[in-house]
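Colleague: The chain contents come next:
There are 2 protein chains.
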Amino acid sequence: MRRVAILGAGMVPFGKYPGKTLSEIAWPAVKAAIEDSNIPKKTIEAAYCGTALGGMMSGQRILKTLGITGLPIINIENACSSSSTAFREAWIAVAAGVYDVVVVIGVEKLTKFGGGTLPLEKEDFEVAHGLVMPALYAMRARRYMHEFGLTEDHLAKVSVKARNHGKHNPDAQLREPTTVEEVNRSRPVADPLKLFHCCPSGDGAAAVLICAEDVASKYGGVPINVVGSEINSGKYMTGFRDMTSPEITVRGAAQLYEEAGIGPEDIDLAEVHDAFSIAELLYYEALGFCPRGEAGRLIDEGETSVGGRIPVNPSGGLLAKGHPIGATGVAQIVEIVRQLRGQCGDRQVEDAKVGLTHCTGGGVSGFDHGVCSIHLFSR
Amino acid sequence: MRRVAILGAGMVPFGKYPGKTLSEIAWPAVKAAIEDSNIPKKTIEAAYCGTALGGMMSGQRILKTLGITGLPIINIENACSSSSTAFREAWIAVAAGVYDVVVVIGVEKLTKFGGGTLPLEKEDFEVAHGLVMPALYAMRARRYMHEFGLTEDHLAKVSVKARNHGKHNPDAQLREPTTVEEVNRSRPVADPLKLFHCCPSGDGAAAVLICAEDVASKYGGVPINVVGSEINSGKYMTGFRDMTSPEITVRGAAQLYEEAGIGPEDIDLAEVHDAFSIAELLYYEALGFCPRGEAGRLIDEGETSVGGRIPVNPSGGLLAKGHPIGATGVAQIVEIVRQLRGQCGDRQVEDAKVGLTHCTGGGVSGFDHGVCSIHLFSR
Chain W
1 MRRVAILGAG MVPFGKYPGK TLSEIAWPAV KAAIEDSNIP KKTIEAAYCG TALGGMMSGQ
61 RILKTLGITG LPIINIENAC SSSSTAFREA WIAVAAGVYD VVVVIGVEKL TKFGGGTLPL
121 EKEDFEVAHG LVMPALYAMR ARRYMHEFGL TEDHLAKVSV KARNHGKHNP DAQLREPTTV
181 EEVNRSRPVA DPLKLFHCCP SGDGAAAVLI CAEDVASKYG GVPINVVGSE INSGKYMTGF
241 RDMTSPEITV RGAAQLYEEA GIGPEDIDLA EVHDAFSIAE LLYYEALGFC PRGEAGRLID
301 EGETSVGGRI PVNPSGGLLA KGHPIGATGV AQIVEIVRQL RGQCGDRQVE DAKVGLTHCT
361 GGGVSGFDHG VCSIHLFSR
Chain Z
1 MRRVAILGAG MVPFGKYPGK TLSEIAWPAV KAAIEDSNIP KKTIEAAYCG TALGGMMSGQ
61 RILKTLGITG LPIINIENAC SSSSTAFREA WIAVAAGVYD VVVVIGVEKL TKFGGGTLPL
121 EKEDFEVAHG LVMPALYAMR ARRYMHEFGL TEDHLAKVSV KARNHGKHNP DAQLREPTTV
181 EEVNRSRPVA DPLKLFHCCP SGDGAAAVLI CAEDVASKYG GVPINVVGSE INSGKYMTGF
241 RDMTSPEITV RGAAQLYEEA GIGPEDIDLA EVHDAFSIAE LLYYEALGFC PRGEAGRLID
301 EGETSVGGRI PVNPSGGLLA KGHPIGATGV AQIVEIVRQL RGQCGDRQVE DAKVGLTHCT
361 GGGVSGFDHG VCSIHLFSR
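In order, the protein sequences belong to chains W and Z. All the letters of the first sequence, read from the start, carry residue numbers 1 to 379 under the numbering used here. All the letters of the second sequence, read from the start, carry residue numbers 1 to 379 under the numbering used here.
Check the hints yourself; a few may be wrong.
A pair counts as met if it fits within one copy or between any two copies, since identical chains are not told apart.
Stated by the list, open to error - Straight-line alpha carbon distances no greater than 25 Å define the calculated SDA-like cross-link-like pairs of lysine to any residue that follow:
id, residue 1, residue 2
1, 20, 120
2, 41, 71
3, 42, 350
4, 122, 190
5, 218, 114
6, 218, 342
7, 16, 308
8, 112, 127
9, 42, 259
10, 235, 71
11, 42, 241
12, 20, 125
13, 112, 132
14, 20, 119
15, 235, 99
16, 41, 214
17, 112, 122
18, 42, 255
19, 112, 130
20, 31, 236
Note that these hints are calculated values from the structure, not bench results.
Generate the whole structure from the sequences, applying the supplied hints.
Modeller: Below is the structure:
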């Protein structure tokens, strides 16, 4: 297996673009990634496109707009992990020597559904019983509060941090700062989660250009190395399980750290899947950023803010940057690339050398049939 | 890259199963492939699931039913080529040494849409203008008839052959033989195509178990070797193009033959993408089974029937076996596996050693943003 590097990264500001087609949303992100890479468009040998709900042949439709045709195009779906899975597939193909230069796209247009419910599968047991995402994470929050004395203010502080980071990110959907009081006063969604504990719905796209490390030197620039990649799905477990410890992330992180020879103490920053404020707190522990039960202390003490010990979601994360499902995985990688290059201005993590992206997704429950993909990068 | 072999193959009879969930349709195919392989279920390290319209996390939902959890599961969409693309991705990952044993699934439940129009993307130029598949292939048929003197009887003979093969395939959706007269009398769909020139709509699933060749010997059985894999998308071309020569297949076949060191003359049988009778005829030429303009002669002289020089679609093909979009690519491979093993009874191609599968797909037009995946297998 060859070593793989990222040479270009681009995205469009996440937001609501009901008047644009999927291709119109995505092509500027792809163009930006290509231009950023300094690689001639014709050098691209294959494309991987992650989207959950973009419809048939999303990658083909997007690339056609840019006149990129004739090459292998593979569309990947894995719910919220769609484009992080696409990135992993592209990484495998380049590492294996099948292609030298590949573009990876993440895209979603959620306004296509008119702001209503997404087309979930009613044959899914959890969907049929109403156990949709906010309900599930609300239960996890309630349980964690019971077990470890977490308060609603702790939850709110995650959203406040997200907005504080997001205000410095021109690509973030929500750039207005907020306060603990405002979060607590926002309308209830699923107790104890309020509106501001939940990531916004929206549209967006992101893209990266990856290539074999030995090819990277040809094009100049600062290649960002892909140090490791892990993906897995949830284990079906009968009987009691600890809903405050996301098994799928715990296992994925352990596998990745072992395979990469890098531990959580080596990581300078992380983009994690904070679809809900409680989620980010659970992932602090699952990714090894703190011991069990101490996530509340981490947010209290500002350890995960830019300037803290281990900044999490300097981009604003899903809570502020937004979460157009299929776009999120690659957008996380775009942020890590920019951070490791030192291009992030007021949200820059000082001297960042190693970054992690963490993306989960699930039909609904994120338990039995969820997916979790984690990647490590270095400069 | 390691050599890869298929150890197990299974499918369910294609048909209409409105009362079954996607998982209920698919799990028996996966179970059959695993049992056929003689590989313990726990040995499977990853899963690739091809589906065009199965909805989020199709692979996860299916495998959960069988208690196969915790492993990487990747869902792939490429329209009618969804599961042939999934097969290719799995092949890359095994060849690269990322996994030793992988299951590949193809699945679709078209009755979910109540027999009405499939959810095509209205932002697609061709869709918006009504250039849906039957219309497109009707124009190709008309042009080919004009250029090469093909008659409606020639077209009908493709459908007759398909049914003659399908009647011997217990997994085929349409098993009643038909006649040229009956095909010609069936109701018009898009002139000159009649109903019997078009593949039926339906549900179905198929699965194969692949593994590294050096692992295969551990499990016994007759491994079928994956000799080559090619995938590409259509080239955007301005100005006139020859609509009777499918560029994407011509180019893919040429690439594959060169990379595998195998020519059309070495192929004992092929499963090709006969979504419409005219399609099969065009692909005879594109795949090099006969010179340009001679497809009509091939079908006239029975060269592509079982017993002929180069049997095409001994399974019945899409026209008789059916075409549950995402299931088709892997189902084609299942047929080739069974043929190369000599398990096909009355539709057996004698002494078959080398088989080809050919799967196309397209947002709609199959031109600019279509996809074509071709695979070669040997015993």
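Colleague: List in ascending order the numbers of the hints, as given earlier, that are violated by the structure.
Modeller: 3, 5 and 7
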